[in-house]
Amino acid sequence: MKRKILVVAALAAGGMMAQASATSSGTPGWMYGLYNCGAAHTSSRPACTLCCNNAVLNGQLDAGDQADCQTFCNQANFSRPAIRWYHRPVIWVFGIA
Amino acid sequence: MKTLIICVVAVAVSFVGVRLLMYSPHDTRDTILQRNVPPVDPVKPATSPYSDEFHIDYAFAANSLARKSKWSDEDAAWATEQLQPWPNESRPDFKVDQPGAEAWQLYVFVDTIVIDRILSGFPTDDQVLSAWDATVRQGLINPQAYVREQAVASIMNSGFPAADLVSQIEAMQDSDPDERVRFMAQLKLKQFTGQPTDLDCPTCPTKGDG
Chain U
1 MKRKILVVAA LAAGGMMAQA SATSSGTPGW MYGLYNCGAA HTSSRPACTL
51 CCNNAVLNGQ LDAGDQADCQ TFCNQANFSR PAIRWYHRPV IWVFGIA
Chain H
98 MKTLIICVVA VAVSFVGVRL LMYSPHDTRD TILQRNVPPV DPVKPATSPY
148 SDEFHIDYAF AANSLARKSK WSDEDAAWAT EQLQPWPNES RPDFKVDQPG
198 AEAWQLYVFV DTIVIDRILS GFPTDDQVLS AWDATVRQGL INPQAYVREQ
248 AVASIMNSGF PAADLVSQIE AMQDSDPDER VRFMAQLKLK QFTGQPTDLD
298 CPTCPTKGDG
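Chains U and H, in that order, give the protein sequences.
With this note's numbering, letter number 35 in the first sequence gets 35, and the count goes up by one each step, no holes.
Add 97 to the 1-based position in the second sequence for this note's numbering, that's all there is to it.
No lab work stands behind these hints, which were simulated from the structure alone.
There's no promise every hint is true.
Capping the alpha-carbon separation at 25 Å, the derived lysine to aspartate or glutamate pairs in DMTMM-like fashion look like this [to be verified]:
1. K141/H <-> D194/H
2. K167/H <-> D194/H
3. K141/H <-> D62/U
4. K287/H <-> D194/H
5. K287/H <-> D275/H
6. K192/H <-> D62/U
Just a few of them, taken from the derived set where beta-carbon distance is under 8 Å, the chain U residues facing chain H [unchecked claim]:
7. S44
8. R45
9. T49
10. L50
11. N58
12. G59
13. A63
14. G64
15. A67
16. Q70
17. N74
18. Q75
Some chain H residues flagged as far from chain U (calculated, every beta-carbon gap over 12 Å) [what the hints assert, rightly or not]:
19. K141
20. A143
21. A163
22. Q181
23. D190
24. A198
25. Q202
26. T209
27. D230
28. Q247
29. S251
Where a beta carbon is used, it is the ideal one built from N, C-alpha and C, also for glycine.
Same shape as in the complex, but just chain U (with noise of 0.2 Å):
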């Protein structure tokens, strides 16, 4: 029963470190977008954008970091279907550090 516990509380901190890397305040604007505007919830450059300036204004993203927030947008290529490179593993596992 304890060792369930523990698989349990070990699969939930896991859980939260990966949302909190992607999406803690302190994470670069370049990353924010990447990890939060990208790919999570819109498939177009204003809704990136959009995503961007709304993280500034919920407090998520320092407005410093929106310019960068603002160029993965700009540099994401919306109309392909898919942005293969963010399934890459080396990317978004090793690439949060």
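Go by the hints and put chain H onto chain U.
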């Protein structure tokens, strides 16, 4: 020891699982902003550093302009007003304590809406298209790097860049004095010609200042 190993594996599995869930495939789009993008509240939230007027304008752009397939004359006039060429002497900045921050914010947002309309084939008033064309042409030669970078991205992201502008951007990918502008030009030209891009961002500073 066995429990410890199981816990470590569980953390790793959960981390990877959540990451995968965060990158689910994009939804099908119908307008510039999808239906599942919530409307912007025109009332200034307590955490906002911007003015009341800015919030009203921004909400209009997000809730009306970005969701209409057809714009009224008033919509087109308002968008045209936001798309004026950026003054050479004014440094664009998103930081609210900097002069022109709200204007730059609106400019960038309306710019992205207009280029997405062009890309998506929504009918767009000639007045707006002319204003956008004049603005990005001026933007390419603006002394401020962030304006040039935005202009390069805007032109190439519109999907149908004029040949003379593409030539200009081709020259900028090697000759622009600012590294992030050169990087944007190189990246967008690669995307335009269907070359694979890494989209790593070596020129993105860890702390933006523009």
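Quiz item: Does the claim that A198/H lies outside the interface with chain U hold up, using a Cβ gap greater than 12 Å?
Solution: 8 Å, violated
Practice problem: Grab the minimum beta-carbon distance between D230/H and chain U and tell me whether it stays above 12 Å. | Solution: 18 Å, holds
Practice problem: Below or equal to 25 Å on CA atoms is what counts here, so check K167/H against D194/H. | Solution: With Cα atoms ~35 Å apart, K167/H and D194/H exceed 25 Å; violated.
Exercise. Verify the proposed pairing of K141/H with D194/H, using a straight-line Cα cut of 25 Å.
Key: Between K141/H and D194/H the Cα gap is close to 17 Å, so the pair holds against 25 Å.
Exercise. Return the status of the interface hint for A67/U: holds when the least beta-carbon distance to chain H is below 8 Å, violated otherwise.
Key: Holds - the Cβ of A67/U comes within 8 Å of chain H, reaching about 4 Å at its closest.
Exercise. Tell me if S44/U is really an interface residue toward chain H, meaning its C-beta lies closer than 8 Å to one of theirs.
Key: 6 Å, holds
Quiz item: Going by Cβ atoms only, is L50/U closer than 8 Å to chain H?
Solution: 6 Å, holds
Practice problem: With 12 Å as the threshold, tell me whether K141/H passes as away from chain U on beta-carbon distances. | Solution: 9 Å, violated
Quiz item: Does the interface hint hold: is R45/U within less than 8 Å of chain H, judged Cβ to Cβ?
Solution: 5 Å, holds
Quiz item: When the nearest CB of chain H is found for T49/U, is that gap smaller than 8 Å?
Solution: 5 Å, holds
Practice problem: Take the C-alpha atoms of K192/H and D62/U, compute the straight-line distance between them, and say whether it is at most 25 Å. | Solution: 9 Å, holds
Quiz item: Taking the closest Cβ pair, is A63/U under 8 Å from chain H?
Solution: OK, holds: A63/U within 8 Å of chain H, min 5 Å.
Of the numbered hints stated above, those contradicted by the structure are hints 2, 4, 19, 20, 21, 23, 24, 25, 26, 28 and 29, listed in ascending order.
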